[in-house]
Structures are given as C-alpha cells and as structure tokens.
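Taking the hints into account, I'd like the entire structure generated from these sequences.
Quick note, the sequences are listed as chains L and B, same order.
Each residue of the first sequence is one higher than the last, beginning at 1 in the working numbering.
Each residue of the second sequence is one higher than the last, beginning at 1001 in the working numbering.
Think of the hints as simulated: they come from the structure by calculation, not from any bench.
Honestly, I wouldn't trust all of these hints.
As the list claims (entries may be wrong) - Result set (SDA-like, lysine to any residue): computed pairs, CA atoms no more than 25 Å apart in a straight line:
# : chain 1 : residue 1 : chain 2 : residue 2
1 : B       : Lys1191   : L       : Asn150
2 : L       : Lys102    : B       : Ile1270
3 : L       : Lys102    : B       : Glu1252
4 : B       : Lys1191   : L       : Glu146
5 : L       : Lys102    : B       : Arg1275
6 : B       : Lys1191   : B       : Ala1163
Here is what each chain is made of, one letter per residue.
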Amino acid sequence: MHSSLKTVPDGSDGSDVADPCPEVRDLVAQVRAAVEDGLRAGGYRDARIVRAERWNQAAFHGDARFLTYYLDGLRGAVFVDLDPAGIRERRRRLRGVLATFKRCVWRMLGFYSARLWEQQNPVNAALAATTATLERTVSARIDRLEQALNRLEVPPS
Amino acid sequence: MRPSGVSRIAFVIPRFSEHGTVGGAETLLKCHAQRLAAAGRRVTVLTTCATDHVSWANVLPAGRREVAGLDAHFFPVDPRDAALWERLSLRLTSGRPSDPRDEDLWLRNGWNSSALCRHLASHGAGFDRIVAGPYLFGLVIETVRMFAGRTVLTPCLHDEPFAYLAVVREMFAAAGGLVFNTATEHDLARKLYRLPPDRGVVVGMGIDDFDADPRAFARRAGLTSPYVIYSGRREEGKGTPLLFDYLTLFRERTGRDVKLVLTGNGEVVIPPALRPHVIDLGFVSETEKYEAMAGAVAFIHPSVLESLGIVLLEAWMARTPTLVHACSPVLRRQCVRANAGLWFSNYPEFEAELILLLDQPELRDRLGNNGREFVRRAYAWPAVDRRLLQALTQGGPSA
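Here's what the structure looks like:
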C-alpha cells in the first residue's frame, strides 16, 4: 500500500477550544504516524481492507491521497478467490456436513469455473494496473501544473 | 427571554412527531419551538402529515391539534413523481452546471405541501417571525419566497451538491435571518453564498443533563463483551454501510469480540458475518438510549453530512467518547472542541483508534468526562436560549 497516506487535516483553528492543545489531536496524530509506518511495512496489505473501503466515498473525494492508498490495495484484491476454505454454511443444522458438501461441489466444478476465472483475473489485474497508472500520471501532471501556477502567481521580488 | 416585538412565531417543519425522533433537523426545530413556547411566545407549528423520510406517505391525519404542547397544523404532502425526482437529483448532482428548468422541476417533485403554503399565504402576515428548515424542502424554499424578510431560515446545511443549486443560493440571500448549528456550518454558508461575516447566528441545541448507569444496558441485554453504538437513521447517507463493513473487518482482523448496538430507524443490510453480533434495538426511549450509550466503548458516527450531530452531544453527556469520520468538518471540529473524540479517514486508522479505546479504559473515561463537561458548558439551555433570542431579532416584517 502507498506509504505516504495523507489524511484530511483537522481544520480546526482551535479558537473556541478550552484546552489549546487538546489531547485528541495528539492521539490522532500518533495513530496516523503509526498507520503510515504500518503501511510502509505492509501491515495493511489486505484485500479485505480494500473491500471494506468500498463505502468510503467521502474519503475518495475529500482526501487527496486516498485514491493512491486504495489503488495500491486494490492490486492485491483483483483476483477471484478460488480457495474453497472460505465457503461457509449459515444454517446450524448439519453445518459441518453441508459446508463440506459445498466445498466438494466447488472442487468438482473447477473444470467449469476455471475458464471463467482464467479470463476474468487478467482483466481485473489489467484494469487495476491501468487505473493506478492513470492516477499516477494524472496526479503528476496536476502537481506540475500547480507548481507552474504557483510560479506565475508569486509576485516578483 | 422576550425579544421585543417578536411574540407570534410560526415554525415550518416538514415532519413533526410527538414521540420519538423523525430526524435530527426536525428534532432541533421542535426543541426550539418548545423552548420559545415555554418562554411565553405564541408558537404555531405548520407541518405535513408525513413521518417517513423515504416514502413521505401521508400517515398522520390532517388538521389542527396540540402536539408536544404546541399548536400544530398538519397538511398533506403533495403527490410527486419520485422517479422523476431521482433522475433529476442525479442530473443536478452530476457536477455539470444545472439548468434552471431542471431545478424548478426537481423542486416541484420534491417535498411540497400546497395546502400548507396556501395556509401560510393567508396567515403568514400575522406572525412576527417564521422559522423554517431544513433547507432542502420545496415548502421551506416557498416559505422564504413568500415571507423573505420575516423568515428565519434554520438550514442545517451540508457540503453536498444540492447546496450549490441556484435556488438554494437565492433562498439564503433572501431570508431575513439565518440560524446555524455550529460555527463550521456558518463558515460553509459564508463560503458558498458569500455572506457578510455578521449574517447569521450560531444557536445549536441544548442538551438536558442526565446521568445514565453504564452497566444497566449490558445487564438487561445479557452482554458480557464490549460494544460500540450507533444511533440514528441507517442509510448510505449516514455512513452505516461503512460502519458495518469496518466493524466486520475489525472483528476478523483483530479477533476482538466487539458487538454493535443500533438504535434508530431504517432498513439495515448487515454483512452475514456481523449479524450475530448486532443488537438492533430500533426505536427506544431516551432513557434506554442513554443507558446503551453510557455502557459503550465508543459512539461511532460515520456520517460526513452533519450540521450539528446531536447524538454526539448525547453520547458525551453519557460520558462516552466518539469516533467520527475525518471528512466531516463539523463532527471533527466538535471532537477537538470537546477533546472527547477521535477521527478516522480510512480503515487502518479506525482499527488503531478502536483498539486504543478498547485497551485504555482510563483514556475512555478521560475523553468521556471531557465530553460531558463540554456539553454542559456549550450546550446548556440558558446559553442556547440566549442565542435563539438573538437569532429572532434578525430580519423583520418587511415581507
């Protein structure tokens, strides 16, 4: 996952805060620093995290680096999970037997489903890689444009 | 508190219920109405026969009656083309410049009550002030159009695409007075509509003092595991699907048996893995809600569209710290002001912060007590009453 995950600033001027140095600001800053370390160390390289972020639309729009973090994780989540170990049975009655039966059926259908996944997985991977590349390219371009704009806007000394 | 010349006040509120809560904005306006009536003002509530924010079906009988100690008049909601409204909503929020004809059609197929507006046209001049809100309702926009100068708009504004519509900008410019819930909401309105700095008053809502037994709910429910709580509408706009996915993953990744308690209304689609660990109380009494809050490790509010977050204040009064989404400037600022809550931008931060609160009960207690002191200081009714009085001095009977 991207190591430089920039998160939304807290935006409070603190002018109406009784305590000028609220503990919560420090706590959140510590958490963010720890998360950045964790991202660099690969501690959040987990496809389940990508799936859990699908509803985090606000961060997509409100956090400049969220898309990078998300796409990095998406690369690890693009392949269809073929492992039958994840197959569960919700009904309590004969749960173990039914779950085993389902896994057997899944394995037997491997000859059928393999053709689907062999075609789907490369498409998923290509889409994720293309999107990530596009995002990096566009971000770099925007950065260059902003720098040029800043140079134009700064009054000559 | 008797603002000179302001004794007859109408409240135009799209939904109004004697019991329970139909919505945060509606609850806020109802509280303001009750406070003014208790202080001797003649308050009349003009509202619709609908209670549900999805169907807007006319379920309450039309007519005049006393509700929650107030003189309330109920009018039917106009028939509307909901499918057309949905299509227009998508078009208007697409980011492209909006067509005034689309805005007008969208308004006319929103939530209107011709009967209420006719009544207001006949009787509006008899009120010193008309308090109307929240902002995204055709009947509120029509109220400001009819009696701009004497209307005090309580918008409950969010930074959402609809806030950028021309018809909304016009309404803010025309309203005689503006009442905001937080300084953050006020700042947003000033930025969006280029309001002068002295336009509008931040009022908020008072929270009555209460003490809730933190062990009562767990005892009643037979809970032995720690739990977090969410109170309010369950819908995508409130971030509840995000909360469910985050908590499901939290349980999987950390192995911690944290339960989720829900109060409020709305259909819930809970991930199968989380379902056995959710205690959905639905609508409960205030006492039950406060007791559930008091025993929670944290109150989690994943919504980014809030103008006040009344439930946050209630959680803090119950001495419970909060976890909010960092993309909500209002809730984030409240957490800083109160020194009683943390904010997260993504799952890793959510996970780390919830672990922090689970593992450090002294931190939880400290943040919770900070929250309670903050609410008592900033949201006591005498302070809110003073600000409400100041807000009513805005505008005048020029329309």
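Would you mind confirming whether the straight-line C-alpha gap from lysine 1191 of chain B to glutamate 146 of chain L stays at or under 25 Å?
-> Roughly 23 Å between the alpha carbons, so the hint for lysine 1191 of chain B and glutamate 146 of chain L holds.
Pair hint outcome, lysine 102 of chain L versus glutamate 1252 of chain B [Cα-Cα no greater than 25 Å] = Since the Cα atoms of lysine 102 of chain L and glutamate 1252 of chain B sit roughly 22 Å apart, the hinted pair holds (cutoff 25 Å).
Hey, lysine 102 of chain L versus arginine 1275 of chain B, does the alpha-carbon distance stay inside 25 Å?
-> holds (22 Å)
25 Å limit on alpha-carbon distance, applied to hinted pair lysine 1191 of chain B and alanine 1163 of chain B = Within the cut-off at roughly 11 Å; holds.
Restraint status (C-alpha distance of lysine 1191 of chain B to asparagine 150 of chain L at most 25 Å) = Distance of about 23 Å is within 25 Å: holds.
Lysine 102 of chain L and isoleucine 1270 of chain B: Cα distance at most 25 Å?
-> Holds, at about 23 Å.
Hint violations for this structure: none, all hints satisfied.
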